[in-house]
Amino acid sequence: VHGDTDFSLLVGVTAIFAIISSVFLVPSPESPRFLYLQRNDKEKARQVLKELRGEDDVEEEMEELRQEHLAESSQKNMTLWKLLCFRSLRWHVFTVVILTAGSRFMQTHAILIFAEQSYKTVGLSAKAVGRLPLAGSLIVQLMLLTTICIVDSLGRRFLLLSGFLMCSISTVALVFTFQINSRSLALISIVLIIIFLMGFVTGPASILSVIIGELFLQSSRASAFVISGLISWGIHFFSALLFLLTKSYLGTYYLLLYWPFMIFAFIYIFWV
Numbered sequence: 001v002h003g004d005t006d007f008s009l010l011v012g013v014t015a016i017f018a019i020i021s022s023v024f025l026v027p028s029p030e031s032p033r034f035l036y037l038q039r040n041d042k043e044k045a046r047q048v049l050k051e052l053r054g055e056d057d058v059e060e061e062m063e064e065l066r067q068e069h070l071a072e073s074s075q076k077n078m079t080l081w082k083l084l085c086f087r088s089l090r091w092h093v094f095t096v097v098i099l100t101a102g103s104r105f106m107q108t109h110a111i112l113i114f115a116e117q118s119y120k121t122v123g124l125s126a127k128a129v130g131r132l133p134l135a136g137s138l139i140v141q142l143m144l145l146t147t148i149c150i151v152d153s154l155g156r157r158f159l160l161l162s163g164f165l166m167c168s169i170s171t172v173a174l175v176f177t178f179q180i181n182s183r184s185l186a187l188i189s190i191v192l193i194i195i196f197l198m199g200f201v202t203g204p205a206s207i208l209s210v211i212i213g214e215l216f217l218q219s220s221r222a223s224a225f226v227i228s229g230l231i232s233w234g235i236h237f238f239s240a241l242l243f244l245l246t247k248s249y250l251g252t253y254y255l256l257l258y259w260p261f262m263i264f265a266f267i268y269i270f271w272v
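Sequential numbering from 1 applies to the sequence shown in full-length UniProt numbering.
Think of the hints as simulated: they come from the structure by calculation, not from any bench. Careful, some of the hints might be misleading.
[To be verified] Computed cross-link-like contacts, DMTMM-like style, restricted to lysine to aspartate or glutamate with a CA-CA straight-line distance of at most 25 Å:
{"hint": "1", "residue 1": "K82", "residue 2": "E61"}
{"hint": "2", "residue 1": "K44", "residue 2": "E68"}
{"hint": "3", "residue 1": "K44", "residue 2": "E55"}
{"hint": "4", "residue 1": "K44", "residue 2": "E61"}
{"hint": "5", "residue 1": "K42", "residue 2": "E68"}
{"hint": "6", "residue 1": "K82", "residue 2": "E116"}
{"hint": "7", "residue 1": "K247", "residue 2": "D56"}
{"hint": "8", "residue 1": "K82", "residue 2": "E68"}
{"hint": "9", "residue 1": "K42", "residue 2": "E72"}
{"hint": "10", "residue 1": "K82", "residue 2": "E59"}
{"hint": "11", "residue 1": "K50", "residue 2": "E60"}
{"hint": "12", "residue 1": "K42", "residue 2": "D152"}
{"hint": "13", "residue 1": "K50", "residue 2": "E63"}
{"hint": "14", "residue 1": "K44", "residue 2": "D57"}
{"hint": "15", "residue 1": "K44", "residue 2": "E59"}
{"hint": "16", "residue 1": "K42", "residue 2": "D57"}
{"hint": "17", "residue 1": "K82", "residue 2": "D57"}
{"hint": "18", "residue 1": "K50", "residue 2": "E61"}
{"hint": "19", "residue 1": "K42", "residue 2": "E55"}
{"hint": "20", "residue 1": "K50", "residue 2": "E30"}
{"hint": "21", "residue 1": "K42", "residue 2": "E59"}
{"hint": "22", "residue 1": "K42", "residue 2": "E60"}
{"hint": "23", "residue 1": "K82", "residue 2": "E60"}
{"hint": "24", "residue 1": "K247", "residue 2": "E214"}
{"hint": "25", "residue 1": "K82", "residue 2": "D56"}
{"hint": "26", "residue 1": "K127", "residue 2": "E116"}
{"hint": "27", "residue 1": "K82", "residue 2": "E55"}
{"hint": "28", "residue 1": "K82", "residue 2": "E72"}
{"hint": "29", "residue 1": "K44", "residue 2": "D56"}
{"hint": "30", "residue 1": "K42", "residue 2": "E30"}
{"hint": "31", "residue 1": "K82", "residue 2": "E214"}
{"hint": "32", "residue 1": "K127", "residue 2": "D152"}
{"hint": "33", "residue 1": "K42", "residue 2": "D56"}
{"hint": "34", "residue 1": "K42", "residue 2": "E61"}
{"hint": "35", "residue 1": "K44", "residue 2": "E30"}
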């Protein structure tokens, strides 16, 4: 796909969905929680709640917002720097750092690149290899739907532990299956990639944002997401640069560079 002359047009299609989203966001109301807790505009928050709920009786939710407003009185006007220095939230921030780093060091794209090279070596057709990303996307969508159904029954911790464990084991196994040019091992590596994607999607990929939302109150939640985003994109840039520099020297052993981060994240979740 990346070699096609029309690939730039395909990428440009994403702009259509961005424009549609922007158009629908214009008439959307502000978050009632933000209005009450951040702006201290109680009447506007009540009005928006009535619009969203379609009913006039929203006093129960307003009382919940009032209780949260009192609970986070010590965290008002929380900035990124204040959050990093806030002693009572130090372990919360550390947890976000560990989970974000562990999930971003899983190197999903590198695994798919090595898989494509391995399958071409054993003689699979270019058409079949080109369908690998499509199959991966389908698996991701199915596992996201599954996660929605089981996240509340199994709990966040179980999904994170199982996700990191599945990704850790399958990464090590994939490193060695990619080393041997065998059609039978190529089929095994496909199964391992599916296991990897299942662990990644049901665990850190989908649970991370939920954890951040539950660990932090409204006043510090935005800064926590900023920290997670900075770490995520920083690791993305670093790993992409390292991949280009070490790919010819390390080959598939490149994946083992990040394996300790996944194991550390698993151990941290298990003991905390």
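Hint check:
no., hint, result
1, K82 <-> E61, "29 Å, violated"
2, K44 <-> E68, "17 Å, holds"
3, K44 <-> E55, "15 Å, holds"
4, K44 <-> E61, "14 Å, holds"
5, K42 <-> E68, "13 Å, holds"
6, K82 <-> E116, "46 Å, violated"
7, K247 <-> D56, "61 Å, violated"
8, K82 <-> E68, "20 Å, holds"
9, K42 <-> E72, "16 Å, holds"
10, K82 <-> E59, "33 Å, violated"
11, K50 <-> E60, "12 Å, holds"
12, K42 <-> D152, "31 Å, violated"
13, K50 <-> E63, "14 Å, holds"
14, K44 <-> D57, "15 Å, holds"
15, K44 <-> E59, "13 Å, holds"
16, K42 <-> D57, "15 Å, holds"
17, K82 <-> D57, "37 Å, violated"
18, K50 <-> E61, "10 Å, holds"
19, K42 <-> E55, "17 Å, holds"
20, K50 <-> E30, "13 Å, holds"
21, K42 <-> E59, "11 Å, holds"
22, K42 <-> E60, "14 Å, holds"
23, K82 <-> E60, "32 Å, violated"
24, K247 <-> E214, "39 Å, violated"
25, K82 <-> D56, "38 Å, violated"
26, K127 <-> E116, "11 Å, holds"
27, K82 <-> E55, "39 Å, violated"
28, K82 <-> E72, "14 Å, holds"
29, K44 <-> D56, "13 Å, holds"
30, K42 <-> E30, "13 Å, holds"
31, K82 <-> E214, "19 Å, holds"
32, K127 <-> D152, "40 Å, violated"
33, K42 <-> D56, "15 Å, holds"
34, K42 <-> E61, "12 Å, holds"
35, K44 <-> E30, "9 Å, holds"
Checked against the numbered hints given earlier, the structure breaks hints 1, 6, 7, 10, 12, 17, 23, 24, 25, 27, 32 and satisfies all the rest.
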